[in-house]
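**Student:** These protein sequence lines map, in sequence, to chains F and U. Using numbering that gives the first Met the number 0, you'd call the opening residue of the first sequence number 0 and step up by one each time. Using numbering that gives the first Met the number 0, you'd call the opening residue of the second sequence number 0 and step up by one each time.
Just so you know, the hints here were simulated from the structure itself, not pulled from any lab data. No experiment lies behind these values; they were computed from the predicted model shown. From the three backbone atoms N, C-alpha and C, an ideal C-beta is built for every residue, glycine too. There could be a bad hint or two in this list.
To give an idea of the chain F side of the interface with chain U (calculated C-beta under 8 Å), a few residues [claimed, not checked]:
no., residue
1, Pro34
2, Thr35
3, Cys80
4, Thr118
5, Ala179
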Amino acid sequence: MFMRETLCRTAVLLIVLTGFGAVSAQQIQTVPRGPTLGVLATPAQAAEWDASIPPDGTGLPAGSGTPAQGAEIYTAQCAACHGPAGTGTLNDRLAGGQGTLTNGAPLRTVGSYWPYATTLFDYVRRAMPYPAPHSLADSDVYALTAYLLNLNGIVGPEAVIDAKTLPRIHMPNRDGFDSAYPDWRH
Amino acid sequence: MNGTTGSGASRTPLEHLEGIITPSALHFERHHSGVPDIPPDQHRLLIHGLVDRPLTFDLAALSRYPLVSRVHFVECSGNSAGLNAAQPAQLSAGGLHGLVSCSEWSGVPLATLLAEAGAQPGGRWLLAEGGDAAAMSRSVPIEKALDDAMVAIYQNGERLRPENGYPMRLLLPGWEGNTNVKWLRRIKLTSGPVMTKDETSKYTDLLPSGRALQFTFPMGVKSVITSPSGGLHMEGPGLYQISGIAWSGVGRVGRVEISADGGRSWGEAALSTPVLPKALTRFRMAWRWDGGPAVLQSRATDETGAVQPTRTALLADRGTQFRYHYHAIQSWAVAASGEVGNVYA
Numbered sequence: 000m001f002m003r004e005t006l007c008r009t010a011v012l013l014i015v016l017t018g019f020g021a022v023s024a025q026q027i028q029t030v031p032r033g034p035t036l037g038v039l040a041t042p043a044q045a046a047e048w049d050a051s052i053p054p055d056g057t058g059l060p061a062g063s064g065t066p067a068q069g070a071e072i073y074t075a076q077c078a079a080c081h082g083p084a085g086t087g088t089l090n091d092r093l094a095g096g097q098g099t100l101t102n103g104a105p106l107r108t109v110g111s112y113w114p115y116a117t118t119l120f121d122y123v124r125r126a127m128p129y130p131a132p133h134s135l136a137d138s139d140v141y142a143l144t145a146y147l148l149n150l151n152g153i154v155g156p157e158a159v160i161d162a163k164t165l166p167r168i169h170m171p172n173r174d175g176f177d178s179a180y181p182d183w184r185h
Numbered sequence: 000m001n002g003t004t005g006s007g008a009s010r011t012p013l014e015h016l017e018g019i020i021t022p023s024a025l026h027f028e029r030h031h032s033g034v035p036d037i038p039p040d041q042h043r044l045l046i047h048g049l050v051d052r053p054l055t056f057d058l059a060a061l062s063r064y065p066l067v068s069r070v071h072f073v074e075c076s077g078n079s080a081g082l083n084a085a086q087p088a089q090l091s092a093g094g095l096h097g098l099v100s101c102s103e104w105s106g107v108p109l110a111t112l113l114a115e116a117g118a119q120p121g122g123r124w125l126l127a128e129g130g131d132a133a134a135m136s137r138s139v140p141i142e143k144a145l146d147d148a149m150v151a152i153y154q155n156g157e158r159l160r161p162e163n164g165y166p167m168r169l170l171l172p173g174w175e176g177n178t179n180v181k182w183l184r185r186i187k188l189t190s191g192p193v194m195t196k197d198e199t200s201k202y203t204d205l206l207p208s209g210r211a212l213q214f215t216f217p218m219g220v221k222s223v224i225t226s227p228s229g230g231l232h233m234e235g236p237g238l239y240q241i242s243g244i245a246w247s248g249v250g251r252v253g254r255v256e257i258s259a260d261g262g263r264s265w266g267e268a269a270l271s272t273p274v275l276p277k278a279l280t281r282f283r284m285a286w287r288w289d290g291g292p293a294v295l296q297s298r299a300t301d302e303t304g305a306v307q308p309t310r311t312a313l314l315a316d317r318g319t320q321f322r323y324h325y326h327a328i329q330s331w332a333v334a335a336s337g338e339v340g341n342v343y344a
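For reference, chain U alone in the conformation it holds in the complex:
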C-alpha cells in the first residue's frame, strides 16, 4: 500500500480570487484516507469486467493518446453543507463554499479506452477505484462514461497535483466531486452498481420522510458573490464592483441576477466570457453603496431553466438533515460600518 500524507480537507479561498480558473495550488482538497505517494512509472489503470479484452494502461501510454482539454469545475457534494445549520456561521466565502474549484483538465476520453477494451452491452455501470489508502470507489452509469468522462492527466497545463489524483484521475464533468475518483487505478464494467460505502452510507441524501436519495450525481445550479463577501470590509460609500461565480452541473449558466435588498428587487449581472458548460462562470455588476445596511444576493439560472432556490425553499424541500448538494442563494449583509457577514435572509 502506498504511503499517505496530508489531512482530510482544504478549501479554495474564493474571496481572494478572480476569473474562473483556480490556481492548481489553491484547488480544494477532500480526501478519504489521505494523499497517496504514487511512483508514476509503477502506476497502472486496469479496465476489466464486462469487456472483451481486460487492459492496463500506464501514464506513458495514456500520454500518447489523442487528448482533449476542457474547463470544468469540481465541487464536493458536501460543499456549503454548514448552511443548513440553525445559525449562520461567520465565515468567508471560501470558508463556506470553498469546496469548489475550476481547472482546465486535459486527458483521454474514457470512451476511447472503453472501446479499446471492447465494452460489452451488459456493462451498464462501471466501478471506479482509486489508489489511495481507502481504495475509494464509486459506481458510475455507462451513459456518463461514454458522454463526457475523461481520464485526466493534466490540470491547468501541468501534471496533476498529488492532492488531485496524480498520476491520473477520473473526471465526470458536473457530477459530485467524489465520483471524480483520484489516483484512478481500476475501472470494472458491471451490470449494476456495486453499492460501495461511499454510495450508500455516505453521499446519499436523507429526507424528512426517512427515505434517502441515492446516486444524486449532478451538482445543482449555484452561485455565490465573492466580493464583497463575509469577513471583507467596505471602505465607505461609493462605487464598488460586485463579483462572483456561478455554475451548474448540467450545462452552461444562463443568467445571474443580483439583489442588494435581500431579494425584493433584482438586476441582471454581466457574465464574463467564456461561459462554458459545467464550468465556473464569472459574473460582475457595478454597485453604488449608499452607506446604509444592505443584503446582497446572487441567483443563478442555468441553460435548462433551473433556478437556484432560496435557503427557505431548499430546506422546506429537504429538511435540515441532508449533508450534500446544498446550493441555495447566499446572503451577505453589509452593515453601515462596512462589515460584511453571513446572514439567512
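Okay, chain F solo, but in the shape it has when bound:
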C-alpha cells in the first residue's frame, strides 16, 4: 500500500505548475506523495511566525521612531560592535562610503550599498542586537533604522520612520544590482 502511494502522481502539483516552463513534465511526475501529516496552521499562527519584510513593506508593524531616539539606543546597544556613529569596529561599518564602489577599496555600508531600507528594519528586528535578538520593541527598531538612514544622509534629522514612510525611501544604490538568476554561469 505504502509503495503504491509513494509512486502515485501528484495531480495537485501538476495543476499548480501549469505555465512554469522551467519545470519539466518529468520532474513533476516524479514528485512522490507523502502520508500528508502536515498540521493545518491558523492564519494567526502563521502571522505570528512571519517577521520578514519585503521591499513593499508588507507586514511592517505599528510604531515609529526618529533619528534622535535611535541615537540613544545605538549608543547603548550597537556601538560596541559597529563603532561610534556606524564607523565599524568588531563588525560591519554601517555609514559612509558613498561613491567608493568603483575606487578599488569599496566600503559596503547601509548608505553606499544596501538597495532597500526595508532590509534594515527586517534584519535589526530579527537578529540584533547580537547578544539578545528580539529584545527591542518595534518602535526601537524603527528608531534605529531612522538613525542609520540619517547617518548616511538618506533622511533628515526630523524624519519619522514607520510602516508608511519606510518602504518609500529610495536608497542610493537601489539600482546597483543585476540579478544573476537564472542566466548567470561562471
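We have chain F already, so just place chain U on it with the hints.
**Tutor:** The following block gives chain U in isolation, referenced to the frame of chain F:
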C-alpha cells in the same frame, strides 16, 4: 529564542582526507549567529504564504515520509576568497579551500511538502528561514524548490549534527552554502524575493564597474589537489600519487587535468567512481617527482563544458573586491627541498 554556542567558522581538513565523503564531525561550519540548541520535539517547520493550506511539520512527521538519499557537496560561497589577496597565504588545502564538504543527505523532497500545502501559481519564490539567533533567511526561486531541493533530516546515516542544522535543514544541491538554510523552521511562498540582508548586503558580488551581481546561486566548476598540498612535505624523489577533489554546482565533473609545470602541459587524471552530480569527485594520477622544482595544478571541466579558470582570468573578469564564488585553479609549488607551498602561477 534558543540558546547559542559555538564560533563562526571551522574548515574541513581536506589534506588529511581521501574519497568523497566528509566525516560528519569534520564537515565545515559557517554560522551567522552561532549554533542553536533546539529541542527536536518542539521544533516545527511552517510552510505558508501563497499556499492553499498553511501547514506545520515536526521531525517525527517528516521521518515517516518517503525519503530520498543523495550525495552532494555543500560549499560556502566565501570559500577560497583569501586567494584574491595580493600575496599567496601559506596555508594548507583545508585552510584555503576547506569551506567545502560532501555528505550523503537523506530527506523529504521539498516538492512533496509544497504539493501537500497546495502551492499556488503566484508563488514564484520562497523565503527559507532558520531557527538560529539570526533567523538567517534567503529567497529561493520556485524552480529550484521543485527540482532537487530537499528538507534533509539525516547526514551520512545519522541525524544531522547540530552544527549542520539539526533537526532539519534545507538542501539546495550545488547552490551556495548559505542558501541551504540550517535549523529550517519556515518556508513562505512569495511572489518575489524578500531582499533579506544575506541576499543584498552580503552574498552579492561587487564587480569593478561598481555594479553587483545578486542571486549568484550555483557554485562554479572547481578542483584542488589535496595531496601533495600546502604544508605537506615530499620525502625525496620517486613515485607519488597526486590526489584531489573536483566538483560543479550544475552537474557532474566531466574531466580533470593535471599539470606539473605550472599549466604549460596537461595530462588527464583518473576519476574515481562514483562520479555524481553536484558531489565531490575524487581524481588521482601517478606522478614521478624528479626532485626538481615543480608547480602542480588541477583543472576541472564539468559535464556542461564549463572549465575552471586560471586565477589571472578570474581576477581579470571580476577584479579583486569580490568576496564570493572564487573557483580558480590552485597552484602548489614543490621546492627541491620537498616543501610544498601556495603560489600564484
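**Student:** Which hint numbers doesn't this structure obey?
**Tutor:** 3
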